[in-house]
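Visitor: Given chain A, work out where chain B should sit, using these hints.
Residue numbers (the numbering used here), protein chains in the order written: chain A, 56 to 488; chain B, 56 to 488.
Please note that the accuracy of each hint is not assured.
Each pair may be met inside one copy or between any two copies, as identical chains are not told apart.
Computed cross-link-like contacts, EDC-like style, restricted to lysine to aspartate or glutamate with a CA-CA straight-line distance of at most 16 Å [what the hints assert, rightly or not]:
#: 1; residue 1: Lys103; residue 2: Asp451
#: 2; residue 1: Lys312; residue 2: Glu207
#: 3; residue 1: Lys324; residue 2: Glu168
#: 4; residue 1: Lys312; residue 2: Glu468
#: 5; residue 1: Lys312; residue 2: Glu119
#: 6; residue 1: Lys103; residue 2: Asp333
#: 7; residue 1: Lys82; residue 2: Asp311
#: 8; residue 1: Lys324; residue 2: Asp57
#: 9; residue 1: Lys312; residue 2: Asp451
#: 10; residue 1: Lys324; residue 2: Glu468
#: 11; residue 1: Lys103; residue 2: Asp462
#: 12; residue 1: Lys324; residue 2: Glu225
Bear in mind the hints are in silico, worked out from the structure with no lab data behind them.
There are 2 protein chains.
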Amino acid sequence: MDVCIGLLGCGTVGAGVVELVRRRTDKIEALTGSRPVIRRILVRNPDKPRAVPLDKSLLTTRAEDILTDPEVRVVVETMGGIEPARQYVLAALRAGKHVVTANKDLMALHGTELLETAAEAGVDLMYEAAVGGAIPVIRPLQECLTANEISEIKGIVNGTTNYILSKMTETGADLGEVLREAQALGYAEADPSSDVDGLDAARKLVILATLAFHAPVRLDQVTVQGIRSITAADVAYARELGYVIKLLASGSCHQDKVVLQVQPTLVPKHHPLAHVDDAYNALFVRGDAAGNLMFYGRGAGSLPTASAVMGDVIEVLRGIGLPQVGVRGPACLRRVEVRPDLVPPRRYYIRMTVADRPGVFARIAGVFGDAEVSMETVVQRRGGRASAEVVIVTHDVPLHQLQRAVDQVALLESVEAVHNVLPLETDDEVSDR
Amino acid sequence: MDVCIGLLGCGTVGAGVVELVRRRTDKIEALTGSRPVIRRILVRNPDKPRAVPLDKSLLTTRAEDILTDPEVRVVVETMGGIEPARQYVLAALRAGKHVVTANKDLMALHGTELLETAAEAGVDLMYEAAVGGAIPVIRPLQECLTANEISEIKGIVNGTTNYILSKMTETGADLGEVLREAQALGYAEADPSSDVDGLDAARKLVILATLAFHAPVRLDQVTVQGIRSITAADVAYARELGYVIKLLASGSCHQDKVVLQVQPTLVPKHHPLAHVDDAYNALFVRGDAAGNLMFYGRGAGSLPTASAVMGDVIEVLRGIGLPQVGVRGPACLRRVEVRPDLVPPRRYYIRMTVADRPGVFARIAGVFGDAEVSMETVVQRRGGRASAEVVIVTHDVPLHQLQRAVDQVALLESVEAVHNVLPLETDDEVSDR
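With the rest of the complex left out, here is chain A (with noise of 0.2 Å):
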């Protein structure tokens, strides 16, 4: 039987799709009864060139061409941002049309709405690729590890600022210089700020940490700290300390308080979070009966993405028929409360640019003192003509004692800039050891 699909966007992620469907047709057929068939795909200019050859007459420029055809059984919506995309997937899905979606912008911002809204037509809304690529993730955690309480998510969800982070690691660059290289082979947008100051990675992390722990989350419960201030020095200290700086993205819940968190790490290198590179992404979960899991693929690109979106779409080509009731969605079974604050106690590493005088480190190890944050490593270097760096590494700490002290030491005279400070992820996190 032939299952009509309609393409909302032919951009990368699109013309992935439209090149799966060709390469796995009979596949798809002999596994799942149905024969997908591309119907139409709603483009903005039809004459652009396209990754995938194309016959003209399956374009259009009218949304409407795909959300009211009847024939059109299952919506593929590639398009990405908000509208009109959140226009058209409501409409399809009132109109009785399953809907797979690669568009974490609009799951993160809208996805209660639409997986309500999916359920009420008795449809199915599904987005494996609007997180993590080609990583199986999303089924997963609906899936798979539902008998699990989920307690932890850490990952590295953002692509762009993995490949900027990986290479200032590899080449001793800055990060203007490599964002200026990403951004001519394309791996970085003209205008970089969603992935660079963190906002694609937190979007991601509201998707997962709604499905993991079973609530609503949202995002402006983030803490978002993106990669902006992040130097070639601090990549080099944290070398010299052993870690790499890597984008975290985190989401903790225990007893209904939840922390989430995007920021810069320092991960130690024989951590395996430190050795996904460039455009990869992976995924931490901790669970109750689970334990500790990692999953870890691509998290972009043309095909890996619509390696996601097809196995989506295959999966509701095999529920076509069967009377599907939405079960799939966030499917939140409770409120928590989402509390920054209960960051538990950790490591930190502190760059800062002092006068190269004699007695300043002194004042500053008394704030700290005061403050009762012990120093675990002290790194100080000659600076520029009259100043110095001086790395610190804490000890555990809870975070509002550590601002304490860093705030005081700003305010010290011979202090001349706080450059960053950064949590450290320790080793523990993958064995139970």
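Guide: This is chain B only, laid out in the frame that chain A set:
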């Protein structure tokens, strides 16, 4: 709605299932609409102390109390072994009961028969727990990655041998010593052959390869080499060369030609598989669209395995009431030719003991040169009184060509013994660089 579960076996995994059902009854009901109730548990000895407190009235020694009870909708099989588990599972499926099993031996040897029976009966047969403990690997292969042509799977799938090799690497001890320790701790069976000789890993490989390649493969088609021959010397030389020894199960498929191997392999110390220690498992998958993926987590244990079992049970409960039709079978789409001879050229490690006399190494090198096997690294050490130990790492070489050279070297009068011939993993397995 209460849904009654019959449990076959109440050992380590079965007790974990009882525990998880108790912890998560409310959550499962909220998610699926069905409230799981353990109605009966088949045990050999009702008087044996159990890891979970159990009402004696739940226990039975007669399988028919579960298999013919019309109230039992789902049978969970955690007894292990082939018979009578196979008969019980067949009877349950034919009686229209969904079955969730953690039994790798059963699925490796009789998976096709059982899945066909399930499809005929219109019920689910699920087995996520049969491979990789808590790690979702079956479901991702069956669902999320089905749009891919998978060319390779490779992983650490046996916890016992991984524990032994990890300890050997950590302590420098010999296999026998570590094995006795592992047995004392309950990490290895009294008769450890199934683990140590690679058979358990081979069975898991059969299950994974059948799913990944959509083709039925058999246990006798796997080339199996266990870890008995690995000595403290091999571990030390590997370390010196920058490697750790891991028992890898691997399957590759190119143009319907399949290679299936279980063998100890030198893994570069920066490779993520090198950091999979103790009872952890990991699986790499390479798909034409998804690229490289890795799944990592606890490969065994009571609650980790029960986590996978209950993930399946929850999926069955979600589907109860819907006309499921056993669509989750291996879905074999083709026949493949299993060709152990098609191992691609790769690097090998060879350790031998030779007479400590002038000219010996020249003769060995001559044999290798004549066979056109080129050497990358040679380490020579004083061995016993009049003997020396030689370790050779070759450049990439076809297996048959290497084998010919090694056979000839073994015939040299001055060569006392060739101890081990092990392949080396390359560093490019994970990233695409």
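Visitor: Which hint numbers does the structure go against, in order from smallest to largest?
Guide: 1, 3, 4, 5, 6, 8, 9, 10 and 11
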